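Protein chains: 2
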Amino acid sequence: MAKAVLLLSGGLDSATVGAIARDRGREIYALSFSYDQRHAVELEAARKVADHLKVVEHQIVAIPAGLFAGSSLLRPGQVDTHPVPKQRTNAAMAVGIPSTYVPARNMLFLSYAVAWAESLGAQEIFLGVNSVDYSGYPDCRPEFLNAFGNAANLGTKTGLDPTTRFKIVAPLLTKSKVEIVQWGNDLNVDFSLTHSCYDPQPDHWDCGIRYLACGTCDSCTIRLDAFRLAKLRDPVAYLPSLNLLGS
Amino acid sequence: MAKAVLLLSGGLDSATVGAIARDRGREIYALSFSYDQRHAVELEAARKVADHLKVVEHQIVAIPAGLFAGSSLLRPGQVDTHPVPKQRTNAAMAVGIPSTYVPARNMLFLSYAVAWAESLGAQEIFLGVNSVDYSGYPDCRPEFLNAFGNAANLGTKTGLDPTTRFKIVAPLLTKSKVEIVQWGNDLNVDFSLTHSCYDPQPDHWDCGIRYLACGTCDSCTIRLDAFRLAKLRDPVAYLPSLNLLGS
Chain A
1 MAKAVLLLSG
11 GLDSATVGAI
21 ARDRGREIYA
31 LSFSYDQRHA
41 VELEAARKVA
51 DHLKVVEHQI
61 VAIPAGLFAG
71 SSLLRPGQVD
81 THPVPKQRTN
91 AAMAVGIPST
101 YVPARNMLFL
111 SYAVAWAESL
121 GAQEIFLGVN
131 SVDYSGYPDC
141 RPEFLNAFGN
151 AANLGTKTGL
161 DPTTRFKIVA
171 PLLTKSKVEI
181 VQWGNDLNVD
191 FSLTHSCYDP
201 QPDHWDCGIR
211 YLACGTCDSC
221 TIRLDAFRLA
231 KLRDPVAYLP
241 SLNLLGS
Chain B
1 MAKAVLLLSG
11 GLDSATVGAI
21 ARDRGREIYA
31 LSFSYDQRHA
41 VELEAARKVA
51 DHLKVVEHQI
61 VAIPAGLFAG
71 SSLLRPGQVD
81 THPVPKQRTN
91 AAMAVGIPST
101 YVPARNMLFL
111 SYAVAWAESL
121 GAQEIFLGVN
131 SVDYSGYPDC
141 RPEFLNAFGN
151 AANLGTKTGL
161 DPTTRFKIVA
171 PLLTKSKVEI
181 VQWGNDLNVD
191 FSLTHSCYDP
201 QPDHWDCGIR
211 YLACGTCDSC
221 TIRLDAFRLA
231 KLRDPVAYLP
241 SLNLLGS
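These protein sequence lines map, in sequence, to chains A and B. The letter at position 113 of the first sequence is residue 113 when you use the working numbering, and the numbering goes up by one with no holes. The letter at position 6 of the second sequence is residue 6 when you use the working numbering, and the numbering goes up by one with no holes.
Hints are computed from structural coordinates only; laboratory data are not their basis. All values reported here derive from a predicted model rather than from experimental measurement. Honestly, I wouldn't trust all of these hints.
Because identical chains share one entry, a pair is satisfied inside a single copy or across any pair of copies.
Here are the simulated lysine to any residue pairs, SDA-like style, with alpha carbons at most 25 Å apart [stated by the list, open to error]:
hint, residue 1, residue 2
1, Lys86, Val132
2, Lys175, Asn185
3, Lys3, Thr81
4, Lys157, Ala69
Kindly generate the complete structure, drawing on both the sequences and the hints.
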C-alpha cells in the first residue's frame with residue numbers, strides 16, 4: 001500500500017480528496033495547520049474527518065502567531081479592521097484576489113507536506129485546491145502547482161531520483177463545486193463532519209458551544225449553491241435565519 | 001529603508017549574508033528554525049548574530065518533532081543509527097548527497113520566509129546557500145532556487161504584481177568557502193559568534209556548559225580549510241586535540 005500525505009483543512013474539498021486517496025488504496029498521513037485562522041473550529045472538523053478516513057497519522061502543525069498577517073481570514077485583534085466579506089455575488093467573487101487570501105499559505109503547507117512525505121518515503125501529496133469556483137487565490141492555480149512540483153523535485157533527494165519523483169495530486173483542480181459535492185457524495189464522504197465557513201458564530205446550548213456557519217461568506221455561499229445544484233442537503237448547521245438556504 | 005527577510009542559521013555563511021544585507025541598507029527580519037537538529041546550539045549563535053546585526057525582529061520557528069526524519073543531522077534516539085560522517089576528504093565530500101541532508105529543508109525554510117516577507121511587505125529573501133564547497137545538497141543549487149522563486153512569484157499576491165516580485169538573494173551561491181570567509185571578514189562579521197559544527201561536544205567548565213566544535217565533521221573540515229587558506233584565525237573553540245588546526 002503506497003503512503004500519501006493529505007493536506008486536510010477540514011473543509012469539504014479536502015475531505016473529498018481524502019476519500020479519493022482512500023478509494024485509490026493509499027495509506028494516508030494527514031496534515032493540518034493551526035494559524036490563528038478565524039475558523040479554527042475547522043481543525044476539530046479535520047480531526048473528525050481524519051478519524052473517518054482512518055488515516056495512519058494526523059499532525060496538526062502550529063504556525064507561529066504573527067507570521068501570517070494582513071488577511072481577513074486571520075483572527076482580528078481588538079479592532080476588527082479586516083472583516084470577512086459577506087453576501088458577495090458570483091460576479092463580485094470572480095474579480096481579483098479576495099481579502100481572505102493568506103500570504104503564501106499553500107506554498108508553506110505544501111512544503112511541510114513534501115518534507116514529511118520525503119521523511120515517510122511517500123511520493124504523492126493530495127490536496128483539495130480548486131481553480132474553478134473561487135479562482136481568486138493565486139496558490140490554487142495549476143501554474144503555481146506545476147511550478148511548486150518542479151521546485152520540489154529539484155530541491156529534494158526523492159525528487160532527483162526519476163523513480164521516486166513527487167506528484168502533487170489535485171483531483172479537484174478543474175472541477176466545479178457541484179461536481180465536488182457529487183463526487184464526495186458518491187464516495188460516501190460524511191459532509192456533516194466538515195466545516196467550510198470563514199466566519200463561524202458561537203451558539204451556546206445545553207452541551208456547551210457549537211459553531212454555526214454564517215451562510216453568507218464566500219465559502220458558505222459557494223457551498224450552499226453547490227448543494228442546491230446537486231439537489232443534496234447540506235448537513236452542517238447554519239445560523240437560524242439561514243436554515244432555509246441549507247435545507 | 002527596504003525590509004528584507006534573512007534565513008539565519010547561526011553559521012558563518014548566513015552571518016556573512018546578514019552583513020551583506022546590512023551593508024546594502026536593508027532592514028532585516030531574521031528567521032531561524034528549531035528542528036531537533038543535533039547542533040541546536042546554533043540557535044544561540046543565531047541569536048547573538050541577530051543582535052550583532054541589529055535586526056528589527058528575530059523569529060525562531062519550531063518545526064514539529066518527527067516531521068523531518070532519516071537525516072544524520074537530527075538528534076538521535078536511544079541508538080545513534082545515523083552518526084555524522086567524520087574526517088572525510090574533499091574527494092569523498094564531493095560525491096553524492098551526504099547523510100546530513102534534511103528532507104526539503106530549504107524549501108520549507110524559504111516558504112516560511114516568503115510568507116513572512118509577504119506579511120511584512122518585503123520582497124527580498126537573503127540566504128547563505130553555497131553550491132561550490134559542498135555541493136551535495138540538492139536544495140543549495142541554483143536550479144532549485146530559480147524554480148522556487150518562480151513558484152513563489154506564481155503563488156502569491158506580491159509575486160503576481162510585476163512591481164513587487166520576490167527576489168531570492170543568494171550572494172554566496174557561487175563563492176568558495178575561502179571567498180566567503182574573506183568577504184565576511186571585510187564586512188567585520190564577528191565569526192566568534194557563529195557556529196558551524198554538525199556534532200558539537202559539551203564541555204563542562206566553571207560557568208556552565210559550552211559546546212566545542214568537533215573539528216572533523218564535513219562542516220568543520222570545510223570551515224577550518226577556508227580560514228587556513230584565508231590566513232585568518234578561526235575564533236571558535238574546537239575540541240582540545242584539534243586546537244592546532246584552528247590556530
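Results of checking the hints against the structure:
1. Lys86 x Val132: within (20 Å within a copy, 53 Å between copies)
2. Lys175 x Asn185: For Lys175 and Asn185, only the intra-copy Cα distance (14 Å) is at most 25 Å; the inter-copy one is 56 Å.
3. Lys3 x Thr81: For Lys3 and Thr81, only the inter-copy Cα distance (24 Å) is at most 25 Å; the intra-copy one is 43 Å.
4. Lys157 x Ala69: The answer is between: 13 Å across copies meets 25 Å, while 33 Å in one copy does not.
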